[in-house]
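The task is simple: from the sequences and hints, build the whole structure.
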Amino acid sequence: MASTIRVRAILSGEATEVQVLIQHPMDSGFVRDAKGEIIPPHFIRELTFEHDGKNVFVADWGTAIAKDPYVKFSFKGGNKGDDLKISWVDNKGETDTTTAKIQ
Amino acid sequence: MKARLAIHLASAALALAAVAFAAMPAIAADTPDPVADAKAFRNYFVTKFPDVKLEDFVNGPYSMNEDMRRQWEEKEQFPPYEFSLEMGKEMFARPFKNGRSYADCFPNQGIGIRQNYPYFDPGKGKVVTLELALNQCREANGEPSFSYVADEMAALTAYMAFTSRGKPFDIKIPDDPRALEAYQNGKRYFYTRRGQLNFSCATCHVQNPGERMRAEILAPALGILNAMPIYRSEWGGMGTISRRLTTCNSQIRGVPLEPQADEYRDLEYYLSYVSNGLPISGPGARP
Amino acid sequence: MNMTGSSITLRLSVLSLFFVLAIAGARPVQAAGSETDFRAAYAAAEAANTEAGRLRNQWTVTAEALAAAKKAADKGDFDHAIAVAKEAEALAKASIFQATSEQEAWKNLEIR
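Protein chains in written order, with our numbering: chain S, 1 to 103; chain A, 1 to 287; chain G, 1 to 112.
Among these hints, one or two may not hold up.
Taking lysine to any residue and the SDA-like style, the derived pairs with C-alpha atoms no more than 20 Å apart in a straight line are [stated by the list, open to error]:
(1) A:K75 with S:K80
(2) S:K54 with S:D96
(3) S:K72 with A:E82
(4) S:K67 with A:N208
(5) S:K54 with S:Q23
(6) G:K107 with A:N208
(7) A:K124 with A:P177
Stretch-level coverage of chain A by chain G, calculated; a stretch enters the list once three of its residues show a Cβ under 8 Å from a Cβ in chain G [what the hints assert, rightly or not]:
(8) 40-47
(9) 188-199
(10) 247-256
Keep in mind that the hints were calculated from the coordinates and are not lab data. Glycine included, each C-beta is placed from N, C-alpha and C at the ideal position.
Dropping the structure here:
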């Protein structure tokens with residue numbers, strides 16, 4: 001199955017700039033469908049970025065994050081060619097993970 | 001005596017001239033001159049916004065507001081419409097049950113042709129938009145048509161627009177009175193006030209581009225269709241021209257017409273024509 | 001019988017008053033709106049909105065008012081239903097006016 005995670009990690013000087021676009025409905029559980037029934041909550045709970053065995057960025061998310069979330073951040077200590085592992089877990093227990101190389 | 005005669009003659013001449021001018025047919029406001037219209041249309045915006053490059057008008061609110069542009073340029077590195085665009089590419093390539101595909105319905109296999117839509121079909125005697133053409137293709141191949149305001153049509157038109165990025169709008173009005181009438185209908189629709197709020201399209205997009213409508217920055221009408229279809233943050237997804245036109249209507253408290261109604265197709269024809277020469281930038285991202 | 005002028009006048013006034021009251025009494029005096037009145041008001045509003053539809057220029061608020069009028073009538077509150085139905089008719093007529101006047105007025109906004 002195609003990954004839900006699009007990632008770009010670019011080294012610029014000392015800092016690695018990471019951008020991620022995740023395909024996820026991020027349903028808050030407050031919205032009703034066309035029939036008037038509540039669309040059950042379905043959102044990412046935790047998003048983790050791991051580099052060299054350490055978590056460089058962890059996000060604890062809830063219902064306020066919108067559909068197809070986009071994240072951008074920088075961290076120090078990365079080198080070109082290093083692996084960056086990204087994974088998420090949602091409230092239904094579904095997960096996805098991908099590994100990208102720092103460019 | 002001579003002076004008096006001269007005066008008489010002069011006034012007679014003037015009177016004659018006045019009669020002659022009055023007898024000239026009044027400039028028929030209803031005989032459309034699309035070439036002149038397009039020139040005046042472009043001129044209006046270029047004069048109103050002298051610091052905006054012509055091709056930048058297609059970026060709508062981002063051409064009007066620096067802060068919005070900054071945020072948009074950042075997002076464009078990793079655009080929110082990527083998923084829909086990919087879906088559109090897959091859909092376009094997938095054959096119908098009868099083995100044929102979209103490529104068989106369109107010139108150049110459907111690649112890089114978006115800038116030629118809408119066009120006037122003399123056989124059918126009406127304006128054909130890209131959305132209409134896609135459903136016509138599906139029906140001709142035994143497939144059910146897509147809703148004009150849902151995700152599938154948005155994804156397909158997004159992909160087709162993407163293959164035309166950078167190409168200038170090239171809308172043609174053939175020498176056919178019906179085509180001119182369609183063009184004129186579209187123009188009339190654009191300037192007609194409607195809805196309880198009594199707005200015309202021009203009220204926002206001609207009189208107030210760059211100004212705020214609640215929290216939104218209004219886009220200029222010049223180039224406004226070039227970025228379609230658009231991924232709107234408000235929608236959390238990609239939406240077609242049909243979706244935008246119908247929702248614009250309801251936002252001003254006018255009951256929307258059916259998607260792809262004559263009025264909407266004619267409107268698209270007019271708006272695309274007066275933006276001839278400006279590059280396709282779709283699919284776009286908007287707030 | 002000999003009647004004075006004033007007594008004749010009095011008799012005439014009493015007679016006219018009697019006739020006026022009789023005529024008034026011929027129709028039931030309505031203290032509140034009736035279902036019949038609502039139906040008439042709603043029909044008028046609907047007809048106007050249909051005409052606006054023919055002109056391809058209906059307003060969303062007209063449809064909302066019609067729905068609200070019907071809802072009030074279903075509850076038996078005919079006074080309110082009639083009032084809202086009349087509002088719906090006014091909105092529909094305004095949308096007709098808009099459509100017809102815009103047939104010429106649009107030219108005022110045109111970029112030339």
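Given hint K80 (chain S) paired with K75 (chain A) - CA-CA distance at most 20 Å: violated, 24 Å
So if I understand the rule, the pair passes when the alpha-carbon distance is 20 Å or less; does K107 (chain G) with N208 (chain A) pass? Holds, at about 18 Å.
Would you mind confirming whether the straight-line C-alpha gap from K72 (chain S) to E82 (chain A) stays at or under 20 Å? Satisfied, since the Cα-Cα distance of roughly 16 Å is no more than 20 Å.
Are the Cα positions of K124 (chain A) and P177 (chain A) separated by 20 Å at most? holds, 14 Å
Compare the distance between the alpha carbons of K67 (chain S) and N208 (chain A) with 20 Å, and conclude whether the hinted pair is satisfied. violated, 31 Å
Taking 8 Å as the Cβ threshold, is the statement that the segment 40-47 of chain A is covered by chain G upheld or broken by the three-residue rule? holds (count 3)
For the segment 247-256 of chain A, does the count of residues with a C-beta closer than 8 Å to a C-beta of chain G reach 3? holds (count 4)
If you count the residues of the segment 188-199 of chain A with a beta-carbon closer than 8 Å to a beta-carbon of chain G, do you get 3 or more? This one holds; 8 residues, not fewer than the three required, reach chain G with a Cβ under 8 Å.
Can the restraint linking K54 (chain S) and Q23 (chain S) be considered satisfied, given a maximum Cα separation of 20 Å? The hint is violated at about 25 Å.
Given the hint that K54 (chain S) pairs with D96 (chain S), test it: the Cα-Cα distance must not exceed 20 Å. Distance of about 19 Å is within 20 Å: holds.
Hint check: violations occur at hints 1, 4, 5; the rest are consistent with the structure.
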